[in-house]
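Residue strings, one per chain:
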Amino acid sequence: MSKSPEVKLVNVPSPNFVPEKDAGKPLVLEAAHLGIDFGGLVAVDEFNIGIGATEICGLIGPNGAGKTTIFNLLTKVYEPTRGTIMIGGRDTHNMTPVQVNQMGIARTFQNIRLFDKLSVEENVKIGLHNHIGYHTLSGVFRLPAYWKEEKKAHEKALELLDIFGMADLANVTADSLPYGAQRRLEIVRALATGPKLLLLDEPAAGMNPSETEELMNNIRKIRDEFQIAILLIEHDMNLVMGICESIVVLNFGRIIAKGTPSQIQGNPQVIEAYLGTHRG
Amino acid sequence: MNIYKNASVASKKAFLNYAIVILFFVVFQTLVNTGSITSALKGQLIPIVCYMIMAVSLNLVVGISGELSLGHAGFMSVGAFTAVIVSALMSGASNSSRLFVSILVGAAIAALAGFLIGIPVLRLNGDYLAIVTLAFGEIIKNILNCLYVGIDDKGVHFAFNNPNALGMDPLGKEIIKGPMGAVGIKKIATFPAAVILLLVVLIIIQNLVNSRTGRAIMAIRDNRIAAESMGLSPMKYKMLAFTVSASMAGAAGAIYALNISTLVPKKFDFNTSILVLVFVVLGGIGNMTGSLIAAGVLVVLPELLRKFSDYRMLVYAIVLILVMLVTNNEKLKGRLDTFVKKLGMRISKGGRKK
Amino acid sequence: MLAHLINGISLGSIYAIIALGYTMVYGIAKMLNFAHGDVIMVGGYISFYSMTLLGLPVPIAILAAVFVCTALGIVVERLAYKPLRAATSLAVLITAIGMSYFLQNAALLIWDANPKAYPNIFKNFEAVEFAGARISPFAIVAIAANLVIMIALTLFTTRTKVGKAMRAVSEDKGAATLMGINVNFTISLTFAIGSGLAAIAGVLLCTAYPTLMPTTGSMPGIKAFTAAVFGGIGSIPGAMIGGILLGIIEILARAYISSELADAIVFGVLIVVLIFRPTGLLGKQVHEKV
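Residue numbers (the working numbering), protein chains in the order written: chain W, 1 to 280; chain E, 1001 to 1354; chain D, 2001 to 2290.
In short, the hints are calculated from the structure, not lab data.
Virtual Cβ for every residue (Gly too), placed ideally from N, Cα, C.
Heads up, some of the hints might be wrong.
[Stated by the list, open to error] To give an idea of the chain W side of the interface with chain E (calculated C-beta under 7 Å), a few residues:
| id | residue |
| --- | --- |
| 1 | V98 |
| 2 | G104 |
| 3 | F115 |
| 4 | H129 |
| 5 | T136 |
| 6 | P144 |
| 7 | A145 |
| 8 | T193 |
| 9 | K196 |
| 10 | E214 |
| 11 | N218 |
| 12 | I255 |
[Stated by the list, open to error] Take a look, some chain E residues computed to stay more than 12 Å from chain D by CB distance:
| id | residue |
| --- | --- |
| 13 | I1020 |
| 14 | I1022 |
| 15 | F1025 |
| 16 | Q1044 |
| 17 | F1115 |
| 18 | D1127 |
| 19 | G1137 |
| 20 | P1179 |
| 21 | F1191 |
| 22 | N1329 |
| 23 | K1331 |
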């Protein structure tokens, strides 16, 4: 199994830390005292995180710990009850999911949400939407801008699909792809929006070990090529320990531990809450 | 590598539709020129084209944007009554320029109505959206029922719910009389003009659908949450589809109105909206070719089968239900597929025997 | 003013009874049964012909209407809606519209388009004086029927086993199935009750507006759906409050603003409610799971 070399974490303004390589750069995302209640039930509380410019961070925890809720908070599907979320230094208070995406956060979904009836290429082109530079009227009247930009979008879509070797599937409808390919397409589609931070919700779910191994290499490749940060939720501990530089552990909506993979593996609280029952 | 394979499939479909419309025009224009068409059918030619425009424009909302609108006839009536007023005002101009400007203004006012109605409507989903579009359709009808318009030397006079409030010169002419509707309309619409309008509408819709904007509309239809997370604003694109569709219904209404001498608001009630929905559903939701054919056939058919006119709506209703059942129930769909396959095999076997 | 108010409440009571049918079906099958209004019309015709053609006494005629409409409701659900349990709401709604059209046009062929003059079933009763206003026997019966039906339904859904099953199915079909509840039976029962109520509403409606036509039910049906949404879809007391408020609004609008625009105003209320309080007065908020 490919294991990433242990990275040294350094403190940025407390209570966060990032890998040493990102220490000089501004944080891509910073959340402080984040919390949400659902009708009196505290689902997430006192969630603090800072993500470095090219960091791969893992968000782990037992089922029902509130991991996906955190993704929904960060992308503004839910408006938080408490706390702040800063993207690239800007407060996202009262922003919509659309604005959050335009500020540089893209995500995938735990329960796959592709545009089922559209082709693979069209799915990616929808991700590219805000980078395709022609007006609706140019499209309606088929002006030169339409042809030029559509050609560019087509090439870009194939290039992105090629990361996962899916370029030859461009004309297949999304719902006819096998499960693993659907998950990969979601990553490509999110990447097409040109994010600074990619949120991956259980990217390896339903994949076999060799697919997972390939996925790990591709996640690393994406980070290196695009120089972006990645925050991922995953139950597969081989993947998390293999590619994450830092890990945040959640239980009952609260952070119970933060640190490097080896720190987390040795943390007795984590072992009690989570690793004690883990599969690997 | 098959570059543009998708695009070419889409444009092939689009050109098929243009070809169908042009063929339809050539055939019927020839029949008219040679005098080999009944006057009843001849009178139906412009309404047929209007309903084709209505069907493809409603399909943009129902099929492409995925919202069930039950008030499409309301936009048709906005365009129709606007065109009546504009045409009456331009009594000095040539017929063709009157027709052109009337359609344009009718479409623009209908688009405005679509935009204003879209603001509240498009915040809703599913059944609620459907029932509110129905409500707006009825409100438009009620308002037009109260509308009185007259023209005299000083210009246009409007009155609401009270014909005596028009305040016109004694020589002025009332052109819209509340529930009695518009009277004395000059018939300036022509079959070729209607077909050109239909072609323009088709070009706009099909190019829109096969562009960045159309992809966005379909993405929002298929999965709103994912589309938002890709940076697509649902309101913006739903509004675009809704407004474009409303303006086209307005244009259809305009040319429809300028083809008849009297027009009552009641003509554009809920039943008309449903009739257009029937065309869309029977032609296949999202399928423009289907909408064209269904509108054409279902407007002409009752003319040809006068005897069965009592049963027409009953048959529509039954077919509507059956189509929905067969296309949406897995078991029935499977049975239909095997039936079609068997049928196909029997036909090909029969062919081989010969 | 008081007279208008009483008129409004009695009309609203009819809306409330129709709205109960909508609200129960929406709650349990998550569908807008567009054909519900036309079941009212069928109830009107059955009771009309029972009284005029067969000369049956009024209570028997009402029972006949209830019986036929109940059966009709069950048959419609089985034939048209049950096969579409897994379909999109768009497909179900179009099917329901088709069913509404089917019933109207079937009625047109069976009973023709000529309006029928519905007999006054309260002609042997005197109006009652109350605080200077005359309250017609119709108003008393409509309001009383509404109250009795609402109380009975509330007791039924909270106290009986079948009623509780109904609420369970409306919460979660899958879980209800696992608990041994017969979901198909429960849904049929809901349609049966709703349609039976529609028959009663049909008799009351035709008494209030004694012109019976194949399209009689469609407008009141849509307004009653408005009432159900107004009160909060899925809620039994909500249907009653929504119905009565809508009846009062309609009668007041007709009296003080314009009879031409009364319907437009009623629909305006629907639009305002849906925009500012989409779950209605007594409805509960539902979150979409992401």
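Hints and how they fare:
1. V98: With a minimum Cβ separation of about 5 Å from chain E (threshold 7 Å), the hint on W:V98 holds.
2. G104: violated, 10 Å
3. F115: holds, 4 Å
4. H129: Holds: closest Cβ of chain E sits about 6 Å from W:H129, inside 7 Å.
5. T136: Because about 5 Å separates W:T136 from the closest Cβ in chain E, which is inside the 7 Å limit, the hint holds.
6. P144: violated, 14 Å
7. A145: violated, 11 Å
8. T193: holds, 6 Å
9. K196: Hint violated; W:K196 Cβ to chain E Cβ min 13 Å, cut 7 Å.
10. E214: With Cβ-Cβ at 23 Å, over 7 Å, it is violated.
11. N218: violated, 20 Å
12. I255: violated, 24 Å
13. I1020: holds, 25 Å
14. I1022: Per Cβ check, E:I1022 is outside 12 Å of chain D; nearest 31 Å; holds.
15. F1025: holds, 31 Å
16. Q1044: Label holds. Min Cβ-Cβ 22 Å, cutoff 12 Å.
17. F1115: holds, 16 Å
18. D1127: violated, 4 Å
19. G1137: violated, 9 Å
20. P1179: Not fine: 8 Å to the nearest Cβ puts E:P1179 too close to chain D.
21. F1191: holds, 31 Å
22. N1329: violated, 4 Å
23. K1331: Nearest chain D Cβ is 8 Å from E:K1331, so the label is violated.
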